[in-house]
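Asker: For the sequence shown, the positions run 85 to 321 when the numbering used here is used.
FYI, nobody ran anything at the bench for these hints, they're computed from the structure. Please note: incorrect hints may appear among the correct ones.
BS3-like mimics (lysine-lysine), calculated; alpha carbons at most 30 Å apart, straight line [said to hold, decoys possible]:
#1 K207 with K191
#2 K139 with K181
#3 K139 with K223
#4 K223 with K235
#5 K180 with K191
#6 K223 with K233
#7 K139 with K158
#8 K241 with K254
#9 K223 with K207
#10 K181 with K162
#11 K139 with K180
#12 K181 with K191
#13 K153 with K191
#14 K139 with K162
#15 K162 with K180
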Amino acid sequence: MPLWGRKKSEAESRRQHGAEARSIPGWLATDPFSGVAGLLNRWAAPVLWEAFNEKVTPLLVEDAVESVKLRGAKLELKATGQVGWLFLSALRTVYKKTLTQDAEIRKLRDEVAALQERQLLMKETIESAVTRGDQMEAKCTALAVRVAKQKSRQKPKIPSAVQVRALVHKENWDPYTWDGTVSDNDDDRNWEDEVEVRVAELGGVESGERRVAMAGKSQTPYYKDQAKPHGSEQCKR
Numbered sequence: 085m086p087l088w089g090r091k092k093s094e095a096e097s098r099r100q101h102g103a104e105a106r107s108i109p110g111w112l113a114t115d116p117f118s119g120v121a122g123l124l125n126r127w128a129a130p131v132l133w134e135a136f137n138e139k140v141t142p143l144l145v146e147d148a149v150e151s152v153k154l155r156g157a158k159l160e161l162k163a164t165g166q167v168g169w170l171f172l173s174a175l176r177t178v179y180k181k182t183l184t185q186d187a188e189i190r191k192l193r194d195e196v197a198a199l200q201e202r203q204l205l206m207k208e209t210i211e212s213a214v215t216r217g218d219q220m221e222a223k224c225t226a227l228a229v230r231v232a233k234q235k236s237r238q239k240p241k242i243p244s245a246v247q248v249r250a251l252v253h254k255e256n257w258d259p260y261t262w263d264g265t266v267s268d269n270d271d272d273r274n275w276e277d278e279v280e281v282r283v284a285e286l287g288g289v290e291s292g293e294r295r296v297a298m299a300g301k302s303q304t305p306y307y308k309d310q311a312k313p314h315g316s317e318q319c320k321r
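Using the sequences and the accompanying hints, generate a full structural model.
Answerer: The structure is reproduced here in structure tokens:
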């Protein structure tokens, strides 16, 4: 059963009981519960429960209620009990919300700790990657400097006669539009292979020494084979 009639605004309650709250030790007029303190001050002398300064638990409230000695008529005890139920209901609501908020705070702390751990791991990974990148950049820079030095010291290659002959025997070679390039950035081995094939296709003229060498290679086995039976016949005779 409610103990009040019409609802009062917070400002009206503070104006009405603010003066009374100023005279209560430990309570300020600006306290959110100054109005309630002013009402209770009419019924009994104010008591500061130091046990509730740090925390409020159901066991502490139970001990505090048991320590209160209630004397008086039945109606007075009933009214006191109603006031006690009122504050107990409010206290239980606040206590439940406090437990919920404490659980949320613990969860947030765990999440923050996990995020900090991930951040530390990512920081180490990034620092390692940056160090590795700096090392690779230093190596690439040194390699580029070496290549540039070798490039500056390298003398242009003089095309060989084989390369020139291979170039002029190409079907699409035009001396009027030729830009002077001979090798086309190919190495000598590729040029020699191309020259060999090109000369064979075009029936190029070989040097006299090459003809003699080729002829000697082809005739030598024949004379050796013929010499064996000739020598054997002389031995038989």
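Asker: Against each hint, give a clear statement of whether it holds in the structure.
Answerer: Against the structure, the hints:
{"no.": "1", "hint": "K207 with K191", "verdict": "holds, 24 Å"}
{"no.": "2", "hint": "K139 with K181", "verdict": "holds, 14 Å"}
{"no.": "3", "hint": "K139 with K223", "verdict": "violated, 64 Å"}
{"no.": "4", "hint": "K223 with K235", "verdict": "holds, 18 Å"}
{"no.": "5", "hint": "K180 with K191", "verdict": "holds, 17 Å"}
{"no.": "6", "hint": "K223 with K233", "verdict": "holds, 15 Å"}
{"no.": "7", "hint": "K139 with K158", "verdict": "violated, 33 Å"}
{"no.": "8", "hint": "K241 with K254", "verdict": "holds, 21 Å"}
{"no.": "9", "hint": "K223 with K207", "verdict": "holds, 24 Å"}
{"no.": "10", "hint": "K181 with K162", "verdict": "holds, 29 Å"}
{"no.": "11", "hint": "K139 with K180", "verdict": "holds, 13 Å"}
{"no.": "12", "hint": "K181 with K191", "verdict": "holds, 15 Å"}
{"no.": "13", "hint": "K153 with K191", "verdict": "violated, 43 Å"}
{"no.": "14", "hint": "K139 with K162", "verdict": "holds, 29 Å"}
{"no.": "15", "hint": "K162 with K180", "verdict": "holds, 27 Å"}
Hint violations for this structure: numbers 3, 7, 13, all remaining hints satisfied.
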